[in-house]
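Student: In order, the protein sequences belong to chains X and B. With numbering that gives the first Met the number 0, letter number 29 in the first sequence gets 28, and the count goes up by one each step, no holes. With numbering that gives the first Met the number 0, letter number 187 in the second sequence gets 186, and the count goes up by one each step, no holes.
All clues stand as given, with none of them false.
The calculated lysine-lysine pairs, modelled on DSS-like cross-linking and capped at a C-alpha distance of 25 Å, are:
1. B/Lys29 / B/Lys439
2. B/Lys79 / X/Lys27
3. B/Lys156 / B/Lys439
4. X/Lys27 / B/Lys351
5. B/Lys585 / B/Lys420
6. B/Lys156 / B/Lys29
7. B/Lys41 / B/Lys439
8. X/Lys27 / B/Lys420
9. B/Lys192 / B/Lys202
10. X/Lys27 / B/Lys192
11. X/Lys71 / B/Lys351
12. B/Lys3 / B/Lys79
13. B/Lys156 / B/Lys202
For the record, the hints were derived by calculation from the structure and aren't laboratory data.
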Amino acid sequence: MTLDALESGTAARIVAVDWPSLAEDEGKRLRALGVDEGADVAVIHRGVFGTRDPLALRLGNMTIAIRRVHAKAIEVEAA
Amino acid sequence: MSRKRTAALLGNPNSGKSALFNALTGARQKIANYAGVTVERKAGRLVLPSGEPVELLDLPGSYSFDAASPDEAVTRDVVKGTFEGEAVPDVIILVLDAANLEQHLVFAQEVLELGRPTVVALNMVDLAERDGLTLDPAALSQALGVPVIPTVAVRRKGLAELTDAIAEAETHADEEAHTRWHVTLPERRLSAKHMARAAILSKSTRHTIENGVDRVLLNPWIGPFILFSLLFVVFQAVFAWATPFADALEGGVGVISQGVSDTLPEGLLRDFLTEGVLAGVGSVVVFLPQIIILFFFILVMEASGYMARAAFLMDRLMASVGLSGRSFIPLLSSFACAIPGIMATRSISDPKDRLTTILIAPLMTCSARLPVYAVVIAAVIPQTSVGLGVGLQGLVLFALYVAGIVGAMAVALVLRRTVTKGAASGFIMELPRYQLPRLKDLLIGLWQRAWVFLRRAGTIIFVATIALWVLLSFPKAEAGESQLDASFAGAIADTLHPVLAPVGFNREMSLAIVPAIAAREVAVSALATTYAVDAEDEELAAQGVTAQIAALWSLPTALAFLAWFVFAPQCLSTIAVARRETNGWKWPAVMVGYLFALAWLAAGATYWIAVSLGL
Chain X
0 MTLDALESGT
10 AARIVAVDWP
20 SLAEDEGKRL
30 RALGVDEGAD
40 VAVIHRGVFG
50 TRDPLALRLG
60 NMTIAIRRVH
70 AKAIEVEAA
Chain B
0 MSRKRTAALL
10 GNPNSGKSAL
20 FNALTGARQK
30 IANYAGVTVE
40 RKAGRLVLPS
50 GEPVELLDLP
60 GSYSFDAASP
70 DEAVTRDVVK
80 GTFEGEAVPD
90 VIILVLDAAN
100 LEQHLVFAQE
110 VLELGRPTVV
120 ALNMVDLAER
130 DGLTLDPAAL
140 SQALGVPVIP
150 TVAVRRKGLA
160 ELTDAIAEAE
170 THADEEAHTR
180 WHVTLPERRL
190 SAKHMARAAI
200 LSKSTRHTIE
210 NGVDRVLLNP
220 WIGPFILFSL
230 LFVVFQAVFA
240 WATPFADALE
250 GGVGVISQGV
260 SDTLPEGLLR
270 DFLTEGVLAG
280 VGSVVVFLPQ
290 IIILFFFILV
300 MEASGYMARA
310 AFLMDRLMAS
320 VGLSGRSFIP
330 LLSSFACAIP
340 GIMATRSISD
350 PKDRLTTILI
360 APLMTCSARL
370 PVYAVVIAAV
380 IPQTSVGLGV
390 GLQGLVLFAL
400 YVAGIVGAMA
410 VALVLRRTVT
420 KGAASGFIME
430 LPRYQLPRLK
440 DLLIGLWQRA
450 WVFLRRAGTI
460 IFVATIALWV
470 LLSFPKAEAG
480 ESQLDASFAG
490 AIADTLHPVL
500 APVGFNREMS
510 LAIVPAIAAR
520 EVAVSALATT
530 YAVDAEDEEL
540 AAQGVTAQIA
550 ALWSLPTALA
560 FLAWFVFAPQ
570 CLSTIAVARR
580 ETNGWKWPAV
590 MVGYLFALAW
600 LAAGATYWIA
610 VSLGL
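Start from the sequences and build out the full structure, keeping to the hints where you can.
Tutor: Here you go:
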């Protein structure tokens, strides 16, 4: 399952990230913020009605906003 | 020791660095730019217990030295000593958010790898306690091999201990640091986890307030409604709250002007002071209260953590014109002034996103336009209510702001499909924890902005006003001839007027927009000076520029003038910043060109529609 399909409020663990599909900067930025294989993650908010883009993730003690396109590149499993 | 010691604050964004900087330096700080780049350089003076002064530098927050944005590149280059013209800091004060150790310790290891003398400020320990964490600074100090001082910048807790530690920090490098901390990112993350665990004595699971508050503020339906309501309140407040203060300032300028008239004999000096300096600079200074109110709201939104939420809510909308929520922050701060706004685009890593944001930043209604809007609205829009406590004047002002935003979005859309064509950009940002803004930090921020405004009034506007007064006052008119007709300025106005007459501009307006290129608010002082010099009706002249506009301009003309200033050619400082930021004249030229064209078309459309409606 990819992160964008994860139900809000459910805890999950990142099992794989499709780094090549991301722009180099975006990958670096995500990694610096702790988005990486093995990290625990939950989707806590979704953006405005309609597209529900972007997503707000809870990652450790941080809240991080990313877009659905990034979330699609992140493979998760229920934790 | 001959050279003054220097120290630099370093840490992740949202670690409370700037609050710590304000607490340590108080009013002894100055803002400038780094030489050659427009990343804000904040430096202040810190006094050690021995009385020795230390220059303290607040570096842009970074997640990593593997820089993804120009801001982070500056931070990296300064601490590594590769930034030209900036000395390597003698001591690094590494700021960590006590409640977010696991994340902040990742960057901390990169900093320690440099081997520079380092002191850790374990900041916001009060917030960590609020979240149910009990920390062990000694254990963290042992793990990191450097002193760790718990601090609460807001309540000045731990500041004395921190300055002591800075004083004691050795000024030689740690040779072994490189081998000790040089590891890969996954290893770094693992050791951050271990160190954080060792430093946390107990952890009670308390719910953070973030989730509850965000459930409302980021709600897909309520969130945008709250954001737009807030923005509307801001602009109403700018207009309504400032009035008594502005009236008082205006009264003060009037009293001084009267005093000068009474004291000095009639002649050139008296005219220069009353018609030039006081009519010109005075008419701009009275807008200080409005600018302070606008900045107050922007600073509160930033300090509370709401600004990042606003970016989150706006991302979808920004994406529809090819930008991201990240651009929302520079654009919102452009409402205060385009210069810091353009500088703030440095945090946008995508170059095409950044260029587009720079090009549209001048369309955000900066505070320099406020004097122009305020004077013209007060003169021609009746002070009636449209219900629910909303005034017509405030509504017109709001409409002008909206026009700027809509214009900017349309321009962005066009730019993203033509000159800044490229892949859709991403949006990745941290939403910081909510915090109550601190009064002292707010006051420091407001004081800095007010000072910048007053300095502009005292320099650019002062010079432009004097130059205009000279052009208006010479050569002297013959008996029976209008001074404006006879002056050099009259000749300039006559040259420009044919181009601007079709869009409803009169000669005074054609003249006023020339010095307004130097700084927008000069348009008001230019009109004030023009009418003061040219006044045939002494009584009307004494009532000030608002009364003169009310008496002399038709409604379509006044509306056209407002429309012009929505798109108006930006001030010289903005062009200069755009040149520096884009490394050449090409983009500023594009910017100036399209803004002129839009301004002319907008003014024309407004005028022609207003006339055909019979206004």
